[in-house]
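What follows is the residue order along each chain.
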Amino acid sequence: MTLVKTKIGRRAFIRNTGLASGGLVIGFSWLASCKMTPEQVNSLPKEWFELNGFLKVGDNGMVTIMSPNPEIGQNVKTSMPMIVAEELDVAWKNVMVEQAPLNTDIFTRQLAGGSQSIRQGWESLRMAGATARHMLKDAAAQAWGVPADEITTKDGVLTHEASGNSAGYGEMASAATSIEVPEEVQLKDNGNFSIIGTDKKNVDGKEIVTGKPLFGLDVYKEGMLTAMIVHPPAFGMKYKGMNADAVKSMPGIKDVFHFEVYPEGIEKQWSDQGGIPELVAIVGNSTWECMQAKKSLEVEWEQDSTAESTSYHEEALAELLETPSETPARKDGDVDAAFAKAAKIVESTYSAPYLAHNTMEPMNFFAHVTPEKAELLGPIQTPEFAEKTVAARLGMPLEKIDIMMTRMGGGFGRRLYGPFVIEAAVISQKMNAPIKLVYSREDDMTQGTYRPSYKVKYKAGLDENGNLIAWHVRGAGTNDDLIFENRFPAGAVDNYLAEKHSLQTNVTTGAWRAPRSNFVAGAEQAFMDEVAEAAGKDPLEFRLELFDRAINNPVGDPEQNDYDPERYAGVLKLVKEKANWGAETGKARGVAAYYCHNSYVAQVIELEDGGDMPRVDNIICAVDCGIVINPLAAKNQIEGGMIDGIGHSTYSAMSFEDGKPQQSNFDTYRLIRHSEAPKNIEVHFVDNGIDPTGLGEPSLPPAIAALSNALYKATGRRFYKQPFINDKPPLVG
Amino acid sequence: MATFTLNINGTKQEVDVDPSTPMLWVLRDHLNLVGTKYGCGIAQCGACTIHLDGTATRACMLTVSSVGNSEITTIEGLSEEGDHPVQKAWLEVDVPQCGYCQAGQIMTASALLEKNPNPTDEEIEMAMNGNICRCGTYTRIKKAVKLAAKS
Ligand code: FES
Ligand code: FES
Numbered sequence: 001m002t003l004v005k006t007k008i009g010r011r012a013f014i015r016n017t018g019l020a021s022g023g024l025v026i027g028f029s030w031l032a033s034c035k036m037t038p039e040q041v042n043s044l045p046k047e048w049f050e051l052n053g054f055l056k057v058g059d060n061g062m063v064t065i066m067s068p069n070p071e072i073g074q075n076v077k078t079s080m081p082m083i084v085a086e087e088l089d090v091a092w093k094n095v096m097v098e099q100a101p102l103n104t105d106i107f108t109r110q111l112a113g114g115s116q117s118i119r120q121g122w123e124s125l126r127m128a129g130a131t132a133r134h135m136l137k138d139a140a141a142q143a144w145g146v147p148a149d150e151i152t153t154k155d156g157v158l159t160h161e162a163s164g165n166s167a168g169y170g171e172m173a174s175a176a177t178s179i180e181v182p183e184e185v186q187l188k189d190n191g192n193f194s195i196i197g198t199d200k201k202n203v204d205g206k207e208i209v210t211g212k213p214l215f216g217l218d219v220y221k222e223g224m225l226t227a228m229i230v231h232p233p234a235f236g237m238k239y240k241g242m243n244a245d246a247v248k249s250m251p252g253i254k255d256v257f258h259f260e261v262y263p264e265g266i267e268k269q270w271s272d273q274g275g276i277p278e279l280v281a282i283v284g285n286s287t288w289e290c291m292q293a294k295k296s297l298e299v300e301w302e303q304d305s306t307a308e309s310t311s312y313h314e315e316a317l318a319e320l321l322e323t324p325s326e327t328p329a330r331k332d333g334d335v336d337a338a339f340a341k342a343a344k345i346v347e348s349t350y351s352a353p354y355l356a357h358n359t360m361e362p363m364n365f366f367a368h369v370t371p372e373k374a375e376l377l378g379p380i381q382t383p384e385f386a387e388k389t390v391a392a393r394l395g396m397p398l399e400k401i402d403i404m405m406t407r408m409g410g411g412f413g414r415r416l417y418g419p420f421v422i423e424a425a426v427i428s429q430k431m432n433a434p435i436k437l438v439y440s441r442e443d444d445m446t447q448g449t450y451r452p453s454y455k456v457k458y459k460a461g462l463d464e465n466g467n468l469i470a471w472h473v474r475g476a477g478t479n480d481d482l483i484f485e486n487r488f489p490a491g492a493v494d495n496y497l498a499e500k501h502s503l504q505t506n507v508t509t510g511a512w513r514a515p516r517s518n519f520v521a522g523a524e525q526a527f528m529d530e531v532a533e534a535a536g537k538d539p540l541e542f543r544l545e546l547f548d549r550a551i552n553n554p555v556g557d558p559e560q561n562d563y564d565p566e567r568y569a570g571v572l573k574l575v576k577e578k579a580n581w582g583a584e585t586g587k588a589r590g591v592a593a594y595y596c597h598n599s600y601v602a603q604v605i606e607l608e609d610g611g612d613m614p615r616v617d618n619i620i621c622a623v624d625c626g627i628v629i630n631p632l633a634a635k636n637q638i639e640g641g642m643i644d645g646i647g648h649s650t651y652s653a654m655s656f657e658d659g660k661p662q663q664s665n666f667d668t669y670r671l672i673r674h675s676e677a678p679k680n681i682e683v684h685f686v687d688n689g690i691d692p693t694g695l696g697e698p699s700l701p702p703a704i705a706a707l708s709n710a711l712y713k714a715t716g717r718r719f720y721k722q723p724f725i726n727d728k729p730p731l732v733g
Numbered sequence: 001m002a003t004f005t006l007n008i009n010g011t012k013q014e015v016d017v018d019p020s021t022p023m024l025w026v027l028r029d030h031l032n033l034v035g036t037k038y039g040c041g042i043a044q045c046g047a048c049t050i051h052l053d054g055t056a057t058r059a060c061m062l063t064v065s066s067v068g069n070s071e072i073t074t075i076e077g078l079s080e081e082g083d084h085p086v087q088k089a090w091l092e093v094d095v096p097q098c099g100y101c102q103a104g105q106i107m108t109a110s111a112l113l114e115k116n117p118n119p120t121d122e123e124i125e126m127a128m129n130g131n132i133c134r135c136g137t138y139t140r141i142k143k144a145v146k147l148a149a150k151s
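Protein chains in written order, with our numbering: chain U, 1 to 733; chain P, 1 to 151.
Don't take each hint at face value.
No farther apart than 30 Å at their CA atoms in a straight line, the calculated lysine-lysine pairs in the DSS-like style are these [stated by the list, open to error]:
1. P:88 <-> P:12
2. U:46 <-> U:154
3. U:201 <-> P:88
4. U:713 <-> P:150
5. U:578 <-> P:146
6. U:154 <-> U:93
7. U:679 <-> P:150
8. U:93 <-> P:12
9. U:238 <-> U:578
10. U:459 <-> U:331
11. P:88 <-> U:93
12. U:573 <-> P:146
13. U:587 <-> P:115
14. P:12 <-> U:679
15. P:88 <-> U:206
16. P:143 <-> P:88
17. P:115 <-> U:93
18. U:201 <-> P:150
19. P:88 <-> U:728
20. P:146 <-> U:679
21. P:12 <-> U:221
22. U:46 <-> U:206
23. U:660 <-> P:115
24. U:587 <-> P:143
25. U:201 <-> P:12
26. U:206 <-> P:143
Simulated restraints, written as ranges between beta carbons of each label pair [claimed, not checked]:
27. U:679 <-> P:115: 17 to 27 Å
28. U:725 <-> P:19: 33 to 43 Å
29. U:154 <-> P:150: 30 to 40 Å
30. U:194 <-> P:151: 27 to 37 Å
31. P:55 <-> U:679: 40 to 50 Å
32. P:55 <-> U:311: 53 to 63 Å
33. P:151 <-> U:557: 52 to 62 Å
34. U:578 <-> P:19: 53 to 63 Å
35. P:3 <-> U:295: 20 to 30 Å
36. P:129 <-> U:47: 36 to 46 Å
37. P:122 <-> U:154: 44 to 54 Å
38. U:221 <-> P:19: 51 to 61 Å
39. U:344 <-> P:123: 46 to 56 Å
Just so you know, these hints were derived from the structure itself, not from any lab.
The structure presented is a predicted model; accordingly, all values stated were derived computationally and were not measured.
All C-beta atoms, glycine included, are put in the ideal place defined by N, C-alpha and C.
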């Protein structure tokens, strides 16, 4: 067993044990009270005993585990409590899960982003379970007058073999609340897991398939008004004026006003990025009435900065690709000298457009601001940051701001940015009423915070034996410099140069599922295929050769490379075996591998026959994310990520004319649909017992390259420009 | 404003709303039936799918004044205990990711199976193509539809 100090979140354990020493904890959150099924109500205990901020044990042995992090469809609401339950040693069927409110005293990092919930929560979640188990054991030891270390636990039952004593957790829960929080606790050995590593279905599954209110948009409260916003129609414009009188008298409309979301001098958090400083609010009794008023309202806007078009972004990025950087991000050896003596040189440029997040549930938030307190409820990935700006904007102390999280109808990075939380709070304060702010799909899609538009140029040199001797990459993005200079193949090529540029634009951008990786992986791994072909080598073997180099004789300081070449090669070898790579299947196939967000993923994509854009028939995917907490949920997440990568690279784009978004709803912005989705997907995991890492993002980036490499095999064309459906590349050779 | 008597999930319900109001907002804002979701408002995403006399229909473009005596079924009325074969299959296959689109997917799938109890893969895809899932649960949806078809 591993002995760990209970230092992480210890404050939480102590503080809450103290608070709960009276024993009884009552009151369920709004969400929990809405979602209880009849079975759950029948099995509810009479009393709950809170052993620490993460969990409470009922007198009947039921356990409620708080899920600290926002749930955006990545399934942490199931996986995180599984980790607590494992160390607590309770049967999963006796666990109820509740979404924790924002509470920075108890929980660390209540944020969904960067695929980090599981990785960074791992230790504290285990400790929360183990600490409570330890306290239950101590309580039993006192009750039975036996040494605690002779007591064993299993499925929520404490047993002392020698004396024949046995009790359920529920029976010891009350006594356990007065047990001192241990200084250190024992964690289970990996081999002894009984919940971790087993398939557990989505804890909200039943509520989802029966249409229960789970999402922010489903919040309806007594006396609540609906609010919508009107934002500038184009980037580079700002509010000038309006005549709202006619609209104010429309049926159901309560008020129409202009307001400042971010007045001069207000202290902003990074999560306020992309926020529009001034907006118009329409407040009314119902959504449809607000939508009608929105259509009739005429607002005057004025030009504030340059009106940018897609053609401008593309030209400016292309120009940056021709501009050497004075401060290269990484430089090993001498690429110029190596290119001068190379037997073969391969050179290609790849590009991708802006993308909108398009979470299925548009942005929304409930706010009820009174002079005494601000109550906020809704879908936000970064509640801790939103709380600070709300406090600053409303001029209220932090303690008076309460943020609760709902389940979210998708995140993909969009809900990291919470200007809509501030907007809701300001509107509620002004109206002196509870309101729910609702973005229409059009508001949501044209508001900004997009995945940046990117271009990257690669140049590779091969010697006469087909060895890679030089690699030069120069990338540029809008509001983002593109390259991860220390990722593969850095460290595997003697002469390596990485340069990056950022083009400042007024079209707002933000993190979009697997930021940067979502483009650069597709480009790099497609280019790798071109280089392997020029070298006359199998693309998968060519990559393995490079990893051998990075393992055995790395270029530069291996610490500098932010990947582990053995684990990288590991997923490629696994996918090679599972896909039977090299065998003739009669199908066009492509391979790619990528490392991001601490996990390694390799994929082989196999296409159906025929057409300019043949459909994906099969994906064989190998993943190394360390210990897999919930294989079922992990596979679901990996499938979703790959479909996301394939869908967006094939079909989706945002474009602009004079700053005005040209796509505003799903009639003009194309998303992948049923008949375009891969037919079969299989996922294999590397079994290595390493601490777990996240899965929200890592499967997306390589899918784009595995697809374009397969498309090349199927069509003889290399696709360089996303979305591929609009690209008409020439036949190669 | 006008009064409409609607037949929803087997119960008569009266609402006083503007005749142009789409059923989506009547259900959500006025009848507290929030299982029917808003995704696009222009019949492109399927999140708002309900049954109108048994046919899968987008509630966001169906005005309350055009419903008349037709029978409306929403996700809340698909089954009493959440045990419709399609709902059961959805749980069995663990379809949902974020879950937001799923009520619409289930309503389209259940209407399909009512008319065609043994659809081929192509028929499933054609019927379901109007329902977007941003989380990419498509492969599991197809699996679940086939599982429901068997039961
Ligand atoms: S909301 Fe009706 S189809 Fe999208
Ligand atoms: S499950 Fe999230 S949109 Fe379908």
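**OP:** Measure nothing beyond the straight line between the CA atoms of residue 143 (chain P) and residue 88 (chain P); if it is 30 Å or shorter, mark the hint as holding.
**Re:** It holds: about 12 Å lies between the C-alpha atoms, which stays within 30 Å.
Original post:
CA of residue 88 (chain P) to CA of residue 728 (chain U), is that 30 Å or under?
Top reply: violated, 44 Å
Subject >> Straight-line alpha-carbon gap residue 713 (chain U) to residue 150 (chain P), limit 30 Å >> reply: Not satisfied, since the Cα-Cα distance of roughly 38 Å exceeds 30 Å.
Original post:
Regarding the pair residue 459 (chain U) and residue 331 (chain U), is the alpha-carbon distance no greater than 30 Å?
Top reply: Answer holds: residue 459 (chain U) to residue 331 (chain U) is near 14 Å, not above 30 Å.
Original post:
Does residue 587 (chain U) pair with residue 143 (chain P) here, judged by a C-alpha cut-off of 30 Å?
Top reply: holds, 23 Å
**OP:** Using the Cβ atoms, figure out if residue 344 (chain U) sits within 46 to 56 Å of residue 123 (chain P).
**Re:** Holds, at about 50 Å.
Subject >> Proposed proximity, residue 150 (chain P) with residue 201 (chain U) (alpha carbon, max 30 Å) >> reply: holds, 21 Å
Original post:
When you check the alpha-carbon spacing of residue 238 (chain U) and residue 578 (chain U), does it fall within 30 Å?
Top reply: Roughly 55 Å between the alpha carbons, so the hint for residue 238 (chain U) and residue 578 (chain U) is violated.
Original post:
Taking only the CA atoms, is the gap from residue 154 (chain U) to residue 93 (chain U) under or equal to 30 Å?
Top reply: Holds: residue 154 (chain U) and residue 93 (chain U) sit about 13 Å apart, inside 30 Å.
**OP:** Return holds or violated for the Cβ distance of residue 55 (chain P) and residue 679 (chain U) against the range 40 to 50 Å.
**Re:** Cβ of residue 55 (chain P) to Cβ of residue 679 (chain U): about 28 Å, so the range 40 to 50 Å is violated.
Subject >> Given hint residue 115 (chain P) paired with residue 587 (chain U) - CA-CA distance at most 30 Å >> reply: Violated: residue 587 (chain U) and residue 115 (chain P) sit about 35 Å apart, past 30 Å.
**OP:** Can you let me know if the beta-carbon spacing of residue 221 (chain U) and residue 19 (chain P) is within 51 to 61 Å?
**Re:** violated, 27 Å
Of the hints listed earlier, those the structure fails to meet are numbers 4, 8, 9, 12, 13, 14, 17, 19, 23, 25, 31, 32, 36, 38, in rising order.
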